[in-house]
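Undergrad: Protein chains in written order, with my numbering: chain V, 1 to 344; chain P, 345 to 688; chain X, 689 to 1032; chain F, 1033 to 1376.
Worth flagging that the hints you see were computed from the coordinates, not collected in a lab. Hints may be right or wrong, so weigh each one.
[Claimed, not checked] Dumping the calculated SDA-like pairs for lysine to any residue here, alpha-carbon to alpha-carbon at most 25 Å: (1) F:Lys1301 to V:Pro27; (2) X:Lys957 to P:Lys613; (3) X:Lys959 to P:Gly374; (4) X:Lys959 to P:Glu498; (5) V:Lys271 to V:Phe291; (6) P:Lys615 to X:Gly718; (7) V:Lys271 to F:Ser1061; (8) X:Lys957 to P:Leu369; (9) P:Lys613 to X:Pro715.
[To be verified] Facing chain X, a subset of chain F residues (Cβ under 7 Å, in silico): (10) Gly1131; (11) His1140; (12) Glu1160; (13) Val1166.
[To be verified] Chain X regions said to be covered by chain F (calculated; three or more residues, Cβ under 8 Å): (14) 837-844; (15) 913-920; (16) 987-1001.
Backbone N, C-alpha and C fix where the C-beta goes; we use that ideal spot for every residue, glycine too.
Take a look at the letters that make up each chain.
4 protein chains.
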Amino acid sequence: MLSFENDYARGAHPAVLSALVESNLQPLSGYGTDPVTARAADRIRAACEAPDADVRFLVGGTQTNLIVIDALLGPTEGVFSAVSGHIGVHEAGAIERTGHKVLPLPSHDGRIALEDLRAAVEAFDGDENGEHMVAPGMVYISHPTEFGTLYSKEELTALSAFCRRRGLILYLDGARLGCGLASPASDLTLPDVARLCDVFYIGGTKMGALCGEALVFSGHPAPARFLSLVKQHGALLAKGRLLGVQFDALFSDGLYFEIGRRAVTAAEKLKALLRRAGCTFWLETPTNQQFVIFENEALERLRRHVAVSFWERADATHTVVRLATDWSTTDEDLAALAEVLKTL
Amino acid sequence: MLSFENDYARGAHPAVLSALVESNLQPLSGYGTDPVTARAADRIRAACEAPDADVRFLVGGTQTNLIVIDALLGPTEGVFSAVSGHIGVHEAGAIERTGHKVLPLPSHDGRIALEDLRAAVEAFDGDENGEHMVAPGMVYISHPTEFGTLYSKEELTALSAFCRRRGLILYLDGARLGCGLASPASDLTLPDVARLCDVFYIGGTKMGALCGEALVFSGHPAPARFLSLVKQHGALLAKGRLLGVQFDALFSDGLYFEIGRRAVTAAEKLKALLRRAGCTFWLETPTNQQFVIFENEALERLRRHVAVSFWERADATHTVVRLATDWSTTDEDLAALAEVLKTL
Amino acid sequence: MLSFENDYARGAHPAVLSALVESNLQPLSGYGTDPVTARAADRIRAACEAPDADVRFLVGGTQTNLIVIDALLGPTEGVFSAVSGHIGVHEAGAIERTGHKVLPLPSHDGRIALEDLRAAVEAFDGDENGEHMVAPGMVYISHPTEFGTLYSKEELTALSAFCRRRGLILYLDGARLGCGLASPASDLTLPDVARLCDVFYIGGTKMGALCGEALVFSGHPAPARFLSLVKQHGALLAKGRLLGVQFDALFSDGLYFEIGRRAVTAAEKLKALLRRAGCTFWLETPTNQQFVIFENEALERLRRHVAVSFWERADATHTVVRLATDWSTTDEDLAALAEVLKTL
Amino acid sequence: MLSFENDYARGAHPAVLSALVESNLQPLSGYGTDPVTARAADRIRAACEAPDADVRFLVGGTQTNLIVIDALLGPTEGVFSAVSGHIGVHEAGAIERTGHKVLPLPSHDGRIALEDLRAAVEAFDGDENGEHMVAPGMVYISHPTEFGTLYSKEELTALSAFCRRRGLILYLDGARLGCGLASPASDLTLPDVARLCDVFYIGGTKMGALCGEALVFSGHPAPARFLSLVKQHGALLAKGRLLGVQFDALFSDGLYFEIGRRAVTAAEKLKALLRRAGCTFWLETPTNQQFVIFENEALERLRRHVAVSFWERADATHTVVRLATDWSTTDEDLAALAEVLKTL
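Required output: the full structure, derived from the provided sequences and hints.
TA: And the structure:
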């Protein structure tokens, strides 16, 4: 079975796996206090050009989102997000479970627009009943977004400036940040992200790790007793090395960026072959996720040979699906997909 | 200072206050276990024609909403509400604080439409990623709505039927239920509400009590250990009599309905005088809240003499305000308002 | 039925009720923003000799406890309490529901001892696994305690000094504070309490009000957006006047202290008659609650005529009960009790 | 540096690591829906002789504990635990964060005694104020306990019978279950555990996995929407294979039991050498954790060469430390430790 279902169908990038194998019998202290984890954090600070950043390692994306939001918001503050944002749609209510409201903003192919954010903040500020309402505390963006789209440097700079002026925390969910940084369409660098955001995470799970996300507090240090909060949410690994070793490998010799480039390069080829096959794009993106509309019966035939991901119903007879590439996508996979498409 | 600011500017209806005074020195057992509270519950069951209903007394509306939602939803379930619903806007995130997401539906002057609800439920049911999402568990409606509008018997019947077919709890917030029942525009009776909803509350605070709401589980009994849950939320009064005595009075001799009629009658007079004064209605309603647009400087002058309630900014130079009547509104108040309006 | 069951069996002290009646038709702004509530806060600041204190009004004791603890503790901090403390035993898990652990200390007739507190804090400070543990954040004491006992000025001074040195918030639950202040056995004044504690509440419900507690932040201001937090917990009354008017009356002409004196004076008479009747005290206290051991069958006979409160089983054939007095206890009540005791 | 600090200092058992390496490039569906994970669950059901058990895989122990307790308790129910239990001491308040109280029972070297449990339950059942209290809902035990001690089959059978009679859920934390099953001192088998408990977890992290715990609902199925609850707590791995592959390996060819035997055999050797070195045991146990008292300066010298774990202060000049073995402990490690001990 060919898989373009997602970017987490295979295990780890071979270099990441090798690092786990090689370090396996070395005794390391627990809970992320070991020197390999410390070195991974150093490498990330260097890559971010943020020598004072506080870097922590967590297991997964939803976990990271809920812990960040829980740690940084006051009890009556909420977090803005595009209505399509992962925290508002696909985290089974994890944010609300921490007690915080997700404040929806319009989605522009997954992005928020500064004018929408400003309007929402001004409406709150001008409302005489503000004390009865959830106050704006944070802005959540994903980059790439859930739709594979990107913010430009100009857009992120403007969002950052607005947030700082208004005292809002700017948090970037970088589950697929490597793909965003590697996209030829992007003018944002990792140091830009570190400089413009207060806190963000560099996704590992979808970028070549077995699991793991590197959370970077670049705007200010992590809150007091952050490790305890991580523990309280059941997110602290006894074998913290599992995360440290992987990120140490990912940030050695530019591997993280290389993994992003491979995924994006494969996606460019994927787009070309989908176009050649006459597919209808629902959304064509500059990163590793592409969205295509299939007639339902054709989709059923496709799915006998290729795993793809349900996105949403387009209409009664058509469905939007997502096809994703990653570091492990081969030219053979792409050629095989092209063959299947011919038969639909 | 004349007040049309809201329907909670004065204390209790005199008959309610008298009941408190008369019973004051009678020793009664605590926490709502006294016979007066039991009699109040009996009277409410009778008025609802729901002999098996479980009636509980709570202090305020937000408290009631959060306890109902917390008690009846599973941990990964959410509650539908019009985007304008009190639980989604003006409860400072109380629902999210219990861990539940408020799932927004379009507001039709405060009401939800069955077609919107059905579309949202069907979208969830047809989504292959439903396990990653908050599941529909309850439908919250207010009646009258926050905009003073009402559901017809036909609309409520259809919502109820849909909810029962789909296994959704239908919960009605009746903060101003007495005004809804008293409105000449309404064809819904209290027994209709009890029959069509699973759970609802009969508002006291805005209908002549000092505080207090009567929560009615008409569709099924209250959840196990409900009193403990009320205690856990800090909502259990040691002197439960404060609620029991007031509702005993409100449901004696039809007082609750009389209070509604007085508020609605005063509102009809208010609408007439606003029209005569040439005011621009933002929304004219069949209950005790009316919404008018004022030019900002005129509003400032008005507010020197009359307390009204900010609703929202209409545009840069105009503001929407709410004027409310209640059982205590007198013809003298109305005449005085008419005089002030002439001077703007 | 004679009632010594508790100190909340009757309604409000007549002077408090009169204040409600007299102000009933005066329109006042909602949510505690009215001038009567402001005056009540002023009177309390004056009585506390704490001109900078931030005074807020809440409805009940458990509600106040959970809001204070929720507002002031960090997410991984807990609150020390005697194992017998109300927050640990009789609040149905309200504190845990806010996410915080109650850290138990030994109970010395309801009091905590400084040496136990110090030992617990030092154990935490010296534990290499402290990051995996709940950190001490607050010390909760009740005064009078749940057993009717009192802290001396020397004891409270020592607790306060320790807490300030160690950065712990000292919070005093004064559900029956008036009885404590009125006790001849006590050398603590209200200004002492305000000076030595960071935050405390002056109980109204059990001291002559229908409901209501005055929360005093004397050590530092209330947290940001505290009103919103109150709203979020469903604890904000639309008719905030209900609390303001009552406390305005309670702190006029020394009424609050007079209510305490009457309860304590009645308790002294109660103790004398229980002694004369040959009752066995489980605990004899300097305030308004007395604890007596009855043989179970005698207790059953007693309860046919007198409501008393179950405290705990003493052994298979004996039970500890509590008898309480309050402002409404009359010499006739006491005489009638004496008669019943003769017949057991 | 020699390490007897804990049983999570090294990576995975080589056979577990091999399984990860071999399956690495095989595309598998996400979130634990893949066939390898299904096979791992089958193997565990077989090992438990519980064909109807519902087996789920989670990442860590605290995470598993908090999710089980959150999923199975009603909102006003608490969980009994020995005061020394992991959920009450070393999870940074994770259980309270889900809203539930940990109800402490005396610790008998980490175990609870049936008589203490029965007394606590009977006290609750006989308390007239039970509605104001947290109700017993679950009994948490660890096996081996945090002290390395074990329940006998007779003890576990009696606890199970009591819990079933009283409607309490019996939950066993098996972070080191393999060591318990492998101990010569134990007469409990895995099928016994599955039969006597309602839910339990088979620890992976401390038994040869990189991470991961297998949660077994043997008494009844997992609660509805359990996967969504796992997601909501941020505990759902996109690459669920990471857990499935490891447990598939652990439950192939008896590896899990072999790992337990190796740890316990090493511990027997460790005990012998500690005895020979004249060490003072604080607690000598039948599993892989041993507790020894060192004079503080000797401990400091020891720690220059050997990592051991702080347990608690014994007195001003002595400290209790824990030494642990696991599958990776070699005879060389033990010999080296013996050498160091000679020099203290």
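Undergrad: Would the hint on glycine 1131 of chain F stand, with a C-beta cut-off of 7 Å toward chain X?
TA: holds (5 Å)
Undergrad: Taking a Cβ-Cβ distance under 8 Å as contact, does the region 987-1001 of chain X have three or more residues in contact with chain F?
TA: Coverage by chain F holds here, the residue count being 3 at a Cβ distance below 8 Å.
Undergrad: Is it true that the CA of lysine 959 of chain X sits at most 25 Å from the CA of glycine 374 of chain P?
TA: The hint holds at about 24 Å.
Undergrad: Holds or violated: lysine 271 of chain V with phenylalanine 291 of chain V, Cα cutoff 25 Å?
TA: holds (10 Å)
Undergrad: Count residues of the region 913-920 of chain X with a Cβ under 8 Å from any Cβ of chain F, then say if the count reaches three.
TA: violated (count 0)
Undergrad: Hint check: lysine 613 of chain P vs proline 715 of chain X, CA-CA at most 25 Å. Holds or violated?
TA: holds (20 Å)
Undergrad: Take the C-alpha atoms of lysine 1301 of chain F and proline 27 of chain V, compute the straight-line distance between them, and say whether it is at most 25 Å.
TA: The hint holds at about 20 Å.
Undergrad: Is the straight-line distance between the alpha-carbon of lysine 959 of chain X and that of glutamate 498 of chain P 25 Å or less?
TA: violated (66 Å)
Undergrad: Should the hint that glutamate 1160 of chain F touches chain X count as held when the rule is a Cβ pair under 7 Å?
TA: Holds, because the Cβ-Cβ distance from glutamate 1160 of chain F to chain X comes to roughly 4 Å (cut-off 7 Å).
Undergrad: Hint check: lysine 957 of chain X vs leucine 369 of chain P, CA-CA at most 25 Å. Holds or violated?
TA: The hint holds at about 21 Å.
Undergrad: For the hint on histidine 1140 of chain F, just tell me whether its beta-carbon gets within less than 7 Å of chain X.
TA: violated (19 Å)
Undergrad: Assess, step by step, whether the Cα of lysine 615 of chain P is no farther than 25 Å from the Cα of glycine 718 of chain X, and give holds or violated.
TA: This hinted pair holds, its Cα atoms lying about 24 Å apart.
Figure legend: structure checked against the earlier numbered hints; hints not met, in rising order: 2, 4, 11, 14 and 15.
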